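Q: Chains as they are written, first to last, in numbering that gives the first Met the number 0: chain U, 0 to 308; chain Z, 0 to 297; chain E, 0 to 263.
Source of the hints: derived by calculation from the structure; they are not laboratory data. Do not take every clue at face value.
Said to hold, decoys possible - Below, in silico cross-link-like pairs of lysine-lysine (DSSO-like), each with a Cα-Cα straight-line distance of 30 Å or less:
no.	chain 1	residue 1	chain 2	residue 2
1	Z	Lys-32	Z	Lys-173
2	U	Lys-2	E	Lys-111
3	E	Lys-148	E	Lys-188
4	E	Lys-170	E	Lys-148
5	E	Lys-148	U	Lys-2
6	E	Lys-170	E	Lys-188
Stated by the list, open to error - These stretches of chain U come out as covered by chain E in the derived footprint (C-beta under 8 Å, 3 or more residues):
no.	segment
7	180-186
8	191-204
As the list claims (entries may be wrong) - Across the chosen pairs, the derived CB separations fall in these ranges:
no.	chain 1	residue 1	chain 2	residue 2	range
9	E	Asp-147	Z	Thr-169	52 to 58 Å
10	E	Ala-116	Z	Val-262	28 to 34 Å
11	Z	Lys-32	U	Thr-5	34 to 40 Å
12	Z	Leu-288	U	Trp-74	40 to 46 Å
13	U	Arg-177	Z	Arg-194	46 to 52 Å
Quick caveat, the model's predicted, so the values are computed rather than measured. Where a beta carbon is used, it is the ideal one built from N, C-alpha and C, also for glycine.
If you want the building blocks of each chain, they are given just below.
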Amino acid sequence: MKKDRTPSLLLATLVALLILGLVLPEWRFLGTLAIGKGLTVLGLLLLLRTGLVSFGQGLYYCLGAYAAGTLGQFWGTTDALLLLVVAGLAAGLAAAILGILLAAYRGIFFSMLSLALSMILYGLLVKSAALGSTDGFNLPAPTLFGLPLVSHDSRYPLFVLACVLGVAAALAMHYYFRTPLGRLSPAIRDNEIRVEYLGASVRAAVHVKYVIAGILAGVGGALTGMTVGHIDPEMAYWTTSGEFVFVAILSGTGSVAAPFLGSFIFELVRTFAYEYSPNSWQLALGTAMLLIIVFLPAGLWSLVQRRRA
Amino acid sequence: MSALLAVVVDGVIYASWLFMIAVGLTLIYGVMKILNIAHGSLYALGAYGAASLAGYWLSQGYAPFGSYAALLAAAALVGLIIGPLIERGLLRFMYGRDEIILLLVTYAVFLILEDAIKLIWGVDPYIISEPYGLLGIVEFANLVYPTYSFMLIVVSLAVGVLLAWVLHRTRHGKLLAAVIHDREVSQAMGVNVRRYYLATFTAGAILAALGGALTAPTVSVVPGMGVEVIVLAFAVVVIGGLGSLPGAALGALIVGLLRAAAVHYAPALELFSIYLVMALVLAFRPQGLFAGEQVRTI
Amino acid sequence: MSHLLEARNLDKRFGAVTAAADISVTVAPDSVIGLIGTNGAGKTTFVNMVTGYLKPDKGRIYFEGRDITALHPRQVTRLGICRSFQIPQLYNSLSAYDNLIVALGIVLRNAKPAPWARAPRLVPGHDLPLADAAEALLERFDLGEFRDKPAGVLPEGVRKLLDIAMALANKPRVLLLDEPTSGVSSEEKFAIMDRVMSAVRAEGAAVLFVEHDMDIVARYAGRVLAFYEGRILADGAPDVVLADPQVREYVIGGQAEPKEVSHA
Numbered sequence: 000m001k002k003d004r005t006p007s008l009l010l011a012t013l014v015a016l017l018i019l020g021l022v023l024p025e026w027r028f029l030g031t032l033a034i035g036k037g038l039t040v041l042g043l044l045l046l047l048r049t050g051l052v053s054f055g056q057g058l059y060y061c062l063g064a065y066a067a068g069t070l071g072q073f074w075g076t077t078d079a080l081l082l083l084v085v086a087g088l089a090a091g092l093a094a095a096i097l098g099i100l101l102a103a104y105r106g107i108f109f110s111m112l113s114l115a116l117s118m119i120l121y122g123l124l125v126k127s128a129a130l131g132s133t134d135g136f137n138l139p140a141p142t143l144f145g146l147p148l149v150s151h152d153s154r155y156p157l158f159v160l161a162c163v164l165g166v167a168a169a170l171a172m173h174y175y176f177r178t179p180l181g182r183l184s185p186a187i188r189d190n191e192i193r194v195e196y197l198g199a200s201v202r203a204a205v206h207v208k209y210v211i212a213g214i215l216a217g218v219g220g221a222l223t224g225m226t227v228g229h230i231d232p233e234m235a236y237w238t239t240s241g242e243f244v245f246v247a248i249l250s251g252t253g254s255v256a257a258p259f260l261g262s263f264i265f266e267l268v269r270t271f272a273y274e275y276s277p278n279s280w281q282l283a284l285g286t287a288m289l290l291i292i293v294f295l296p297a298g299l300w301s302l303v304q305r306r307r308a
Numbered sequence: 000m001s002a003l004l005a006v007v008v009d010g011v012i013y014a015s016w017l018f019m020i021a022v023g024l025t026l027i028y029g030v031m032k033i034l035n036i037a038h039g040s041l042y043a044l045g046a047y048g049a050a051s052l053a054g055y056w057l058s059q060g061y062a063p064f065g066s067y068a069a070l071l072a073a074a075a076l077v078g079l080i081i082g083p084l085i086e087r088g089l090l091r092f093m094y095g096r097d098e099i100i101l102l103l104v105t106y107a108v109f110l111i112l113e114d115a116i117k118l119i120w121g122v123d124p125y126i127i128s129e130p131y132g133l134l135g136i137v138e139f140a141n142l143v144y145p146t147y148s149f150m151l152i153v154v155s156l157a158v159g160v161l162l163a164w165v166l167h168r169t170r171h172g173k174l175l176a177a178v179i180h181d182r183e184v185s186q187a188m189g190v191n192v193r194r195y196y197l198a199t200f201t202a203g204a205i206l207a208a209l210g211g212a213l214t215a216p217t218v219s220v221v222p223g224m225g226v227e228v229i230v231l232a233f234a235v236v237v238i239g240g241l242g243s244l245p246g247a248a249l250g251a252l253i254v255g256l257l258r259a260a261a262v263h264y265a266p267a268l269e270l271f272s273i274y275l276v277m278a279l280v281l282a283f284r285p286q287g288l289f290a291g292e293q294v295r296t297i
Numbered sequence: 000m001s002h003l004l005e006a007r008n009l010d011k012r013f014g015a016v017t018a019a020a021d022i023s024v025t026v027a028p029d030s031v032i033g034l035i036g037t038n039g040a041g042k043t044t045f046v047n048m049v050t051g052y053l054k055p056d057k058g059r060i061y062f063e064g065r066d067i068t069a070l071h072p073r074q075v076t077r078l079g080i081c082r083s084f085q086i087p088q089l090y091n092s093l094s095a096y097d098n099l100i101v102a103l104g105i106v107l108r109n110a111k112p113a114p115w116a117r118a119p120r121l122v123p124g125h126d127l128p129l130a131d132a133a134e135a136l137l138e139r140f141d142l143g144e145f146r147d148k149p150a151g152v153l154p155e156g157v158r159k160l161l162d163i164a165m166a167l168a169n170k171p172r173v174l175l176l177d178e179p180t181s182g183v184s185s186e187e188k189f190a191i192m193d194r195v196m197s198a199v200r201a202e203g204a205a206v207l208f209v210e211h212d213m214d215i216v217a218r219y220a221g222r223v224l225a226f227y228e229g230r231i232l233a234d235g236a237p238d239v240v241l242a243d244p245q246v247r248e249y250v251i252g253g254q255a256e257p258k259e260v261s262h263a
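Pulled out of the complex, with its shape left as it was, chain U reads as follows:
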């Protein structure tokens, strides 16, 4: 039985990140952003391993951000933990309800329905003046137990929170895949009928996984909102969901750390591409995606895996 090195690797990564964040202050914003998006992609990873491609995670990403945002902006709550919990709960509740319907679909229809649902939210938010319509609104600076997480001088505390959250989520997901329910994911992807004939309900299992993915996206959205300081309906637009799918493909589903690495690379490339060539970064993205699909179907992570083997 191979020794499970992942937990110690993840913890080592956490320490490394915390140190890096301390000595490289310019990277804290990007890092926090990458973790916020990485959480959403982690949820996608779960769905991908189950054989489902959701083109609508933006729904929960946006919902979580707006839940945290409305609490922050209109009720004055700034405690980050509270906001993240509320975001997760709101997104989880929505996923639990919508999942009742979605769990019966597969393939293209699952993707289309998830896309349609996210566009419904987009349509609602764009027309809601109270929430700022297309402009969205700003979030007040988050705090933790009264202490500011973001200030002029430092983004470090928020970065630390993000890192802890990211690593915790990755660890949880790692252990989840070792539970009987977690192991059902690749089984469902490979052969649903056999799963039913072994005595498990595929629909119920998919529903649970959809809710988990929703919660992760909700928390990720709230975290992103807190980092950027601003949220808008674009978070629910199909292109946002498309980006998450792109990052998921880019990273591959091989490891729970891959979504975060992939998100970081994506945000990095996007930032630089924007600066140097704003009219061709999508071209670069599209080309990268094609190359990966053709030559590296397991995503970037497979490069890391091959070297280890």
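Mind docking chains Z and E on chain U? Use the hints.
A: Then chains Z and E, alone, in the frame of chain U:
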């Protein structure tokens, strides 16, 4: 009364536009089982091509009515060049792979083309409104409409009829139906499936570009105009049934009338209502209103 | 009810095709029954109805006295009726070991007293922790050397064995094997069947197997059911049934080569 008439006329005009942008998508899905996200950029390319070609034509001082021919020519050119480029150059290596993989491939192509447009035409808007105003206006029952909009209805009807005729009355159309039904058997019987795939994709590309070309005179042609069109086309096609031609027409009509009604009576619901109907159809009749394949699982 | 499994007056029609006409079968515990018949005679339909995949138009099915006719395959499996498939239904990207871990994991999960409770440490019926139970099943079918290979690349005979091994995860009291030796070379058939029977008989389960090869049927079955056009033509000891003139004419004589298309 006149409000209701306005809703119906607006709805039909919008529906004919929706049909134009959706029919190519449903055709490609029906034959090749590919949901082509690049459809949106083909639409945009058609619009930009039309703006350039018609713009050039008009700037040279040629007969203004010739600009319509320029629009059509642009659409044909875009479709005939880019369509085979995508299909022969990329898609044909991916056949047999999962539907989702093909979807992602077309998504990648969409991203590439979006920037290609920016690199070729720049980011400033193109305005080519002359063909729009040239036909004058139509007045009836207290309502005023540009004649161009009614021409659009005529064109979309013509396209629908032409496609129906090709698919049901011509030899090639019937062979295409055989390919849709069973690719392997058709191949075994000697049908050159590859050629039909190429023809279908190109036809779909021309149709998408045509939608864009005909839209160009009515809007300012800007980067990103394809982004919203894709989801609208998806909505229409899903509602009508993926791969169904009459479905695309019915879906377009439903979405068109719905949007017109929303715009007139409940503007806040405009966007939301379209996707709500899409979700409802997926929930209760996923194969669309014109039945197709089995969709739900155990 | 003294019968383990009882099917009473099952009728099933698919349009103009009669897949089952007044089928009545009783199965005693510890029996080994061969189901024979040409393609389309109704054998697989019978298996599908017993396992809940198809609902009969008429008639009822009882397991240990309980009416299971309307149950979903998931529920039928959990009660103790399991099946293997003519075309092995495996998780192709997972290793043989992981295939069994998934199967046993489901059994473990189903044994939870409440959805939020912890799963028991020992797999019910196997009385071993999950990993050990999987290893034991692998050993039982002599699949040790294929332990870490993805199921998708395994030879057909091995896939068949794995498919049957998975069916044993739920400790069935009735095991239905759909053409356990089809797709396997003639030299391997007896080897496979030997291994299957010895592994399975240790369970004490009643075994019903669909088979086209009469030698296999003669050797392993204690009782034979001959199907023809949805009816049971003969039901009895192998030497009697296989010598029956009607069976010889309609079943063995009319035996076509191609495999029956599995409904699974």
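Q: For every hint, state whether the structure bears it out.
A: Hint by hint, here is what the structure shows:
Only pairs whose Cα atoms come within 30 Å are accepted, and Lys-32/Z paired with Lys-173/Z is accepted, the gap being roughly 18 Å. Taking the CA atoms of Lys-2/U and Lys-111/E, the gap is near 28 Å; set against the 30 Å cutoff, the hint holds. Taking the CA atoms of Lys-148/E and Lys-188/E, the gap is about 22 Å. The hint holds against a cut of 30 Å. For the proposed pair Lys-170/E and Lys-148/E, the alpha carbon gap of about 25 Å is at most 30 Å, so the pair holds.
With a CA separation close to 19 Å, the supplied pair Lys-148/E and Lys-2/U stays within the 30 Å bound. Restraint check for Lys-170/E and Lys-188/E: satisfied, since their Cα atoms lie roughly 24 Å apart, inside the 30 Å limit. Taking a C-beta to C-beta cut-off of 8 Å, the segment 180-186 of chain U contributes 5 residues in contact with chain E, enough for the three needed, and the coverage statement holds. Under a criterion of three residues with beta carbons nearer than 8 Å to beta carbons of chain E, the stated coverage of the segment 191-204 of chain U is upheld, 9 such residues being counted.
For Asp-147/E and Thr-169/Z, the Cβ-Cβ distance of about 56 Å falls inside the hinted range of 52 to 58 Å, so the restraint holds. Checking the proposed 28 to 34 Å range against Ala-116/E and Val-262/Z shows it is violated: the Cβ atoms sit about 54 Å from each other. For the hinted restraint 34 to 40 Å between Lys-32/Z and Thr-5/U, the CB-CB distance of approximately 38 Å keeps it satisfied. Between Leu-288/Z and Trp-74/U the beta carbons are some 44 Å apart, a value that agrees with the proposed interval 40 to 46 Å.
In this structure, Arg-177/U and Arg-194/Z meet the distance hint of 46 to 52 Å, their C-beta atoms being roughly 51 Å apart.
Violation of the numbered hints given earlier is confined to hint 10; every other hint is satisfied by the structure.
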